[in-house]
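2 protein chains.
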Amino acid sequence: MSDHPRLTERQRQILETIREFCDETGYPPTLRQIGEVVGISSTSVVSYNLDVLQRKGFLMRDPDVSRGLKLIDETLDDQGGSENVTMVPLLGFIAAGEPLPIPDADYENQELVPVPEELVGDANQVYALRVRGISMIDALINDGDLVLMQYQQNAENGDMVAAWLNDEKATTLKQIFWDKGTNLVRLQPANPNMAPIYVHPANLQIQGRLIGVIRRI
Amino acid sequence: MSDHPRLTERQRQILETIREFCDETGYPPTLRQIGEVVGISSTSVVSYNLDVLQRKGFLMRDPDVSRGLKLIDETLDDQGGSENVTMVPLLGFIAAGEPLPIPDADYENQELVPVPEELVGDANQVYALRVRGISMIDALINDGDLVLMQYQQNAENGDMVAAWLNDEKATTLKQIFWDKGTNLVRLQPANPNMAPIYVHPANLQIQGRLIGVIRRI
DNA sequence: CTTGACATAGAACATTTGTTCACATATAAT
DNA sequence: ATTATATGTGAACAAATGTTCTATGTCAAG
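Protein sequences, first through last, are from chains S and D.
Sequential numbering of the first sequence, starting at 63, is according to the working numbering.
Sequential numbering of the second sequence, starting at 63, is according to the working numbering.
Read the hints as simulated data drawn from the structure, not as lab findings.
Keep in mind the model is a prediction, meaning the values are calculated, not measured.
Please note: incorrect hints may appear among the correct ones.
The list makes no distinction among identical chains, and a pair is therefore deemed to hold if it is satisfied within one copy or across any two copies.
[To be verified] Pairs of lysine to any residue, SDA-like flavour, derived with a Cα cap of 20 Å:
#: 1; residue 1: K132; residue 2: R117
#: 2; residue 1: K118; residue 2: T87
#: 3; residue 1: K242; residue 2: H262
#: 4; residue 1: K132; residue 2: Q187
#: 5; residue 1: K132; residue 2: E86
#: 6; residue 1: K132; residue 2: D85
#: 7; residue 1: K132; residue 2: V114
#: 8; residue 1: K118; residue 2: Q214
Given only the sequences and the hints, what does the whole structure look like? Please build it.
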């Protein structure tokens with residue numbers, strides 16, 4: 063994304079304000095709305111700045127037309143708003159009795175599900191799993207929920223991870239803490255009403271990190 | 063591809079006019095401009111038709127805002143079918159001690175959040191709330207979660223609803239059942255480990271129906 | 001110091017634009 | 001026939017919104 067060096071800070075603010083306003087509302091702002099955001103109390107000054115921006119080629123103004131603005135820039139208006147969304151492959155199911163599926167390089171044939179971009183952030187190898195069974199309830203997750211996983215085999219203190227317990231032959235979703243004193247791992251349910259469990263690190267295998275949950279009622 | 067069968071010819075004309083105008087100018091048309099194109103001489107009738115279109119869910123209007131129109135894209139550009147996303151207004155918070163915000167107010171300043179269309183379906187008055195506090199844990203919902211609510215004051219048997227309890231002065235999210243025998247209402251937590259509560263119908267006020275949960279870890 | 005381009009404030013003004021209301025017209029249901 | 005609903009006209013109105021004008025302050029160049 064190129065920052066336009068020919069613009070003053072004020073003018074960049076104004077452009078950004080218009081762009082955001084259009085994204086949110088679907089139509090351009092008024093002079094007064096722009097002024098309010100960027101801190102200009104006079105409509106004439108906003109108008110003045112818009113004229114400057116037009117002269118520099120960053121937008122079009124239609125005189126005497128309320129909200130008669132059109133951004134010239136590369137980022138075009140999307141009247142759909144379906145922008146802040148990422149497609150994530152749905153790899154299968156997560157159930158208590160089975161290990162997690164390993165994310166395959168073969169993303170082509172994978173079913174893709176749309177998720178809000180905030181849920182993914184800049185995470186890297188993200189995939190979705192459908193929850194089967196009610197055994198994840200201590201993670202506030204229910205049958206049918208869609209969980210977003212980040213593929214990784216190690217974890218940091220406090221991460222919510224999917225862990226395979228060798229003894230129980232089960233996958234569980236819990237917050238993980240390394241207890242230096244006892245040399246045990248504490249698995250803390252997300253539901254604070256429930257008690258944590260402690261396991262030997264050798265008995266546990268991290269299969270991924272939970273980064274989001276989507277539930278349809 | 064069939065155009066929308068629920069629309070009259072007039073309404074389809076108007077939608078098309080708005081779409082073309084936006085494409086050409088970058089901003090929505092006025093009532094008079096729409097009327098001129100589709101052949102309606104009175105702005106009040108254009109306004110009337112826009113209200114109809116809004117009620118049918120094809121666009122958003124911001125009252126008293128010139129050119130305050132936004133088309134709702136439900137359309138044909140997606141071949142995969144799994145691409146679709148809907149924007150819903152984020153109206154505020156849901157906490158145990160407060161009634162829910164009423165979703166009527168000015169959509170002007172409302173933040174919009176994208177949600178997968180499967181979560182919304184064809185529900186009508188949908189809005190999102192951020193969960194504050196951990197008091198909804200019996201509904202498998204945690205602090206910080208985003209809940210999708212459908213605004214309604216009645217409920218059907220088995221619906222997951224947000225109910226205001228007069229006695230407790232608290233909002234709770236539970237599945238609702240009408241017990242014919244005792245003439246009481248049973249509120250069943252989503253977490254089956256927890257016990258239901260029974261209340262008199264007079265002590266309870268339904269504030270909306272829960273239709274989805276989104277959690278960011 | 002003076003000048004002039006630039007940026008801003010504030011107010012008065014004019015235009016654009018949505019709303020309201022009183023009143024038609026057609027069509028379908030009662 | 002009568003009523004109800006959807007749609008339309010037209011005019012008056014009020015609110016939203018861009019324009020114009022005067023005045024102020026800054027800052028670099030002469």
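Each hint tested on the structure:
When the C-alpha separation of K132 and R117 is checked against a cutoff of 20 Å, the pair qualifies only within one copy, where the shortest distance is 13 Å, while the shortest distance between copies is 28 Å. Taking the shortest alpha-carbon separations for K118 and T87, only the inter-copy value of 19 Å comes in at or below 20 Å, while the best intra-copy value is 26 Å. For a Cα distance limit of 20 Å, the shortest separation of K242 from H262 inside one copy, 12 Å, qualifies, whereas the shortest one across copies, 51 Å, does not. For the identical chains of this complex, K132 and Q187 are intra-copy neighbours only, at 16 Å inside a copy versus 31 Å across copies, given an alpha-carbon limit of 20 Å.
In this homomeric assembly, K132 and E86 come within 20 Å of each other (Cα to Cα) both inside a single copy, at 15 Å, and across copies, at 10 Å. In this assembly of identical chains, K132 and D85 lie within 20 Å of each other by CA distance both inside one copy and across copies; the values are 13 Å within and 10 Å between. Proximity of K132 and V114 under a CA criterion of 20 Å is satisfied intra-copy only: 14 Å inside one chain copy versus 28 Å between copies. Taking the shortest alpha-carbon separations for K118 and Q214, only the intra-copy value of 17 Å comes in at or below 20 Å, while the best inter-copy value is 46 Å.
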